[in-house]
Amino acid sequence: MRRGTAERRSSRGLRALAVAGILGGALALSACSSSGGKKSEGGGDGAGPRLKIAMITHSGPGDTFWDIVQKGAQAAAAKDNAEFLYSADPDGGKQAQLVQAAIDKKVDGIVVTFAKPDALKDVVARATAAKIPVVSINSGADVSARFGAVAHFGQDESIAGEAAGRELARIGAKNALCVVHEQGNVGLEDRCAGAKKTFGGKLENLFVQGTNMPQVKSSITAKLQADKGVDGILTLGAPFAATAVDAAKEAGSQAKVGTFDMNKDLIASIKSGTIRFAVDQQPYLQGYGAVDELWLLKTNGNVIGGGRPVLTGPAIVTKDNAASLEAFADRGTR
Amino acid sequence: MGRAAAEALPPPPSPPPPPAPDERMARRSPVRLLLGRPELGALLGAVALFAFFSLVADAFLQAGSFSTVLYAGSTFGIMAVGVSLLMIGGEFDLSAGVMVTTAALIAALVSYQFTLNVWAGVLVSLVLTLALGMVNGLLYVKTGLPSFIITLATFFMLAGANLGVTKAVTGNVATDSVRDMDGFGTARAVFASDVDVLGVNVNVTVFWWLGFVAIATWILLRTRIGNWIFAVGGSADSARAVGVPVARTKIGLFMGVAFCGWFSGMHLVFAFATVQSGEGVGNEFFYIICAVIGGCLLTGGYGSAIGAAIGAFIFGMTNKGIVYAEWNPDWFKFFLGAMLLIATVVNLVVRRRVERSK
Amino acid sequence: MSEAPLIRLSGVGKNHGSIIALREVSLEVDAGEVLCVLGDNGAGKSTLIKIIAGLHRHDAGGYEVAGEPVSFGSPRDALARGIATVYQDLAVVPLMPVWRNFFLGSEKRKGLGRMDIDHMRRTTRAELGEMGIDLRDVDQPIGTLSGGERQCVAIARAVHFGARALILDEPTAALGVKQAGTVLRYIVQARERSLAVVFITHNPHHAYPVGDRFLILKRGRSIGYHPKGEITRDELTALMAGGAELEQLAHELQSTQDSDAGAAAATALTKEAERLRPAD
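Protein chains in written order, with my numbering: chain F, 1 to 334; chain Z, 335 to 692; chain P, 693 to 972.
None of these hints come from the bench; they were simulated from the model. Heads up, a few of these hints could be off.
[Said to hold, decoys possible] List time: in silico DSS-like cross-link candidates among lysine-lysine, alpha-carbon distance up to 27 Å: (1) Z:Lys667 - F:Lys202; (2) F:Lys298 - F:Lys271; (3) F:Lys298 - F:Lys249; (4) F:Lys105 - F:Lys94; (5) F:Lys228 - Z:Lys667; (6) F:Lys94 - Z:Lys476; (7) Z:Lys476 - F:Lys116; (8) F:Lys131 - F:Lys79; (9) F:Lys174 - F:Lys105.
[What the hints assert, rightly or not] The calculated label-pair distances, taken between Cβ atoms and stated as ranges, are: (10) Z:Trp453 - F:Ala130: 54 to 62 Å; (11) Z:Gly577 - P:His811: 14 to 22 Å; (12) Z:Arg556 - P:Glu760: 38 to 46 Å; (13) P:Ala752 - Z:Thr477: 33 to 41 Å.
[Stated by the list, open to error] Which stretches of chain Z does chain F cover? Using the computed rule of at least three CB atoms under 8 Å from a CB of chain F, they are: (14) 451-461; (15) 593-607.
Cβ atoms here follow ideal geometry from the backbone N, Cα and C, with glycine treated the same way.
Kindly generate the complete structure, drawing on both the sequences and the hints.
What follows is the structure, encoded as structure tokens:
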């Protein structure tokens with residue numbers, strides 16, 4: 001019963017989606033496509049099984065990183081003829097509710113992030129009990145297998161941090177800052193801790209309010225004014241790297257800037273040398289790999305990674321390889 | 335009961351009589367007048383905090399550091415100008431934080447997508463942002479719902495639209511860089527340049543901030559509009575009864591917030607060239623906090639733009655002072671909260687003293 | 693000026709849906725006259741005042757200002773005809789200085805949008821001084837004044853801005869004896885300045901000393917309309933309270949007073965009334 005009405009709704013939703021595409025996707029229409037997609041049950045009338053794969057992350061709105069993850073997942077879904085449903089909520093409890101909603105919709109596979117593992121433990125157990133395979137991405141490598149996920153695609157933040165620490169040392173920094181743009185985020189803390197391990201010099205954490213760019217800038221400026229000896233800055237997200245460069249200029253500091261994550265403006269800055277390196281965890285690969293793994297599992301029973309986390313990073317981007325990645329970053333997939 | 339009984343029953347007795355005649359004649363001294371200003375407590379709080387950070391943070395007293403603190407204060411303070419006027423007028427605007435991002439996105443998207451001189455984007459953004467403020471105001475006036483609810487709704491809508499439109503237009507969650515476009519240089523000079531003051535680089539936003547505060551103070555204290563702002567916040571019904579255009583005044587105040595949001599948005603665009611669509615959420619509360627530290631009543635009808643400026647200065651000083659003092663960053667928010675508490679308590683104590691001495 | 697009285701209502705009626713709020717009420721008040729409208733709660737006083745003030749349109753009968761039939765759509769229309777209304781509870785904005793309140797909505801300007809603050813301060817002080825209110829400081833918030841003083845500022849404001857008729861809605865209701873006396877004194881002063889005053893009250897002790905004519909309302913109808921010479925205070929009290937309601941009135945008064953202060957207040961009121969009487 002429920003399935004039938006949902007299917008009708010879905011075909012309408014898909015038509016709306018197509019119209020939205022044709023019209024070039026204004027605000028209302030793009031909002032409509034995401035809700036239509038989430039609600040839809042997939043038009044499985046065609047030949048062959050069309051899988052429905054739901055991804056539920058802890059991302060807040062407007063985050064470049066998760067945008068790239070989605071693009072990877074959508075690319076894999078398109079190739080695999082799967083239907084891809086995305087939803088997200090930074091609040092652990094609400095994220096769990098979204099997972100439950102996916103279970104209720106009887107999707108064929110679920111991709112989750114274990115940013116708040118305890119909040120998701122039970123609902124993931126319900127998914128596996130309902131014979132819906134779960135793949136985790138991004139955060140939660142340590143709990144993924146234990147909670148019943150078949151595979152994990154992500155970057156080990158400590159390992160990535162260690163790579164960043166080596167890069168910082170390579171560019172000649174001795175006394176560096178690790179700019180934390182979201183306080184209490186374990187992943188970000190791990191990055192700084194990892195970097196500290198391999199850096200060799202002094203690495204100090206600086207907390208900034210990530211949602212307010214002028215404040216990010218003035219806080220970094222203030223820190224550089226307070227400690228003139230700082231000669232390196234490591235930011236943990238791409239937009240903050242450019243701001244750190246501005247702040248260094250403002251404070252008259254010679255500090256060299258490196259960062260985690262990527263976006264297209266960053267590539268240009270790396271090419272020009274104002275930003276020395278980026279530690280990319282290849283979010284595209286996380287989305288693509290997770291969806292592809294679920295498809296492989298359903299169609300061929302394959303498991304990638306042999307029960308161990310599959311590392312999607314760190315991939316280091318420097319002046320040497322920036323040019324070759326530019327085109328990819330321009331279309332928003334790197 | 336006869337007439338005699340009614341005669342013996344007078345109306346209610348008098349409450350305590352007004353102050354004694356000699357006090358009535360006494361003129362208030364200049365000191366007392368100063369004490370009566372809403373911003374005094376904030377001023378003392380600011381002085382106390384400044385002295386405190388000067389003692390604990392070596393780098394705090396450098397001219398360059400002071401300029402950084404002023405810049406931090408200005409980015410809150412410019413918004414706090416509009417927000418404090420609105421609060422004096424008895425209303426809140428919870429959409430103020432994301433409206434800054436909206437204004438910035440509009441300017442960046444319009445300039446880039448249509449390959450226009452960035453000033454065209456700046457103007458389109460001004461018009462649209464003012465329109466948004468007007469929508470807030472009209473919704474409030476027409477529905478009669480609390481502005482808290484109306485602007486909470488527009489807050490969510492704008493936050494969603496910021497992301498939705500940006501992604502629909504650019505395919506990404508941030509705008510394309512407008513750094514190499516026509517007019518960027520002049521626009522940056524206006525909205526985000528550094529001005530050399532006696533060898534110290536001071537961000538131009540600091541001067542705009544002071545200018546806006548001066549204009550707002552003049553409007554509040556010297557013009558008819560200012561009289562109306564106090565009146566609609568203090569008692570909208572009384573104001574209406576004597577012919578004050580309450581609806582127009584309130585709509586104007588919402589548009590004032592929008593104007594400040596537009597300016598702050600332009601600073602975002604021309605300081606950072608790209609705009610992240612998810613920015614701005616949560617800042618609305620900082621603006622309100624600045625206004626409250628500065629002596630604006632949450633219930634409206636009382637406050638000052640200068641007070642809000644001092645509140646923003648306190649906020650900027652605390653924010654950066656903790657960095658200068660090089661305290662453990664894990665405790666950053668704790669220190670921030672503690673400093674704000676100190677500033678507001680000083681404010682409160684001073685005001686109580688003043689009220690008692692009146 | 694025409695010979696017609698400033699305000700004349702003839703056979704005015706008003707329905708709120710199926711409820712008849714006011715029926716067949718007639719009154720006249722001319723410049724230099726005080727008309728007191730008396731009645732208990734629910735007698736139709738506030739409906740009457742809202743019709744005169746322009747907040748409600750009357751359904752039946754005629755409303756003339758200086759002989760011209762009118763039908764007001766808003767208080768602004770009434771104000772334009774010189775009819776100013778001072779409401780008991782929304783007379784002023786408590787947090788604002790006295791002079792800002794005095795000029796609120798009619799600010800004096802001197803170009804470039806600037807207010808002529810000196811003029812406004814001076815005028816406020818002078819106007820209030822003329823009415824016998826001596827302020828410590830016109831910059832003090834009006835909320836720090838007593839209730840009576842606040843009503844007086846509101847009345848002085850209406851007078852200053854050229855009101856020909858003053859409608860006072862229960863200006864003495866929430867006031868103590870002394871403050872009520874102050875307000876009554878300004879009513880008398882307003883009359884001496886040739887204003888027409890409509891004074892709404894439920895207290896015959898307040899009405900009698902200042903009124904020239906008395907209109908007594910009950911359940912939306914006029915039950916008496918007398919010039920002062922034709923009625924004594926006791927008759928007025930009896931007429932207004934009437935029979936069973938007298939006990940209710942007595943009870944109402946009793947419940948709002950301290951037993952101790954009762955006698956003292958009674959004396960004070962009588963003295964106040966004595967003092968006011970020579971004025972008319």
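Inset, instruction - Quickly compare the C-alpha distance for Lys667 of chain Z and Lys202 of chain F to 27 Å and report which way the hint goes. - result: Roughly 24 Å separates the two Cα atoms, so the pair holds.
Inset, instruction - Mind taking a look at whether chain F covers the stretch 593-607 of chain Z? Criterion is 3 or more residues with CB to CB distance under 8 Å. - result: holds (count 5)
Inset, instruction - Given the hint that Lys476 of chain Z pairs with Lys116 of chain F, test it: the Cα-Cα distance must not exceed 27 Å. - result: 43 Å, violated
Inset, instruction - Return holds or violated for the Cβ distance of Gly577 of chain Z and His811 of chain P against the range 14 to 22 Å. - result: Given range 14 to 22 Å: holds, Cβ gap about 19 Å.
Legend entry - CB-CB spacing for Glu760 of chain P and Arg556 of chain Z relative to the 38 to 46 Å hint: 40 Å, holds
Inset, instruction - Please work out if Lys94 of chain F and Lys476 of chain Z have their alpha carbons no farther apart than 27 Å. - result: 34 Å, violated
Inset, instruction - Would you check the hint for Lys298 of chain F and Lys249 of chain F, treating anything up to 27 Å between C-alpha atoms as holding? - result: Distance of about 54 Å is beyond 27 Å: violated.
Legend entry - Hinted pair Lys131 of chain F and Lys79 of chain F, Cα distance within 27 Å: OK: Lys131 of chain F and Lys79 of chain F at ~24 Å, within 27 Å.
Legend entry - Pair hint Lys228 of chain F and Lys667 of chain Z, alpha-carbon separation not exceeding 27 Å: Measuring from Cα to Cα gives roughly 24 Å; hence the hint holds.
Legend entry - Ala752 of chain P paired with Thr477 of chain Z, Cβ distance criterion 33 to 41 Å: 35 Å, holds
Legend entry - Distance restraint between Lys298 of chain F and Lys271 of chain F, which requires alpha-carbon spacing of 27 Å or less: Answer violated: Lys298 of chain F to Lys271 of chain F is near 42 Å, above 27 Å.
Legend entry - Distance restraint hint 54 to 62 Å, applied to the beta-carbon atoms of Trp453 of chain Z and Ala130 of chain F: 58 Å, holds
Against the hints set out earlier in the document, violations occur for numbers 2, 3, 6, 7, 9 and 14.
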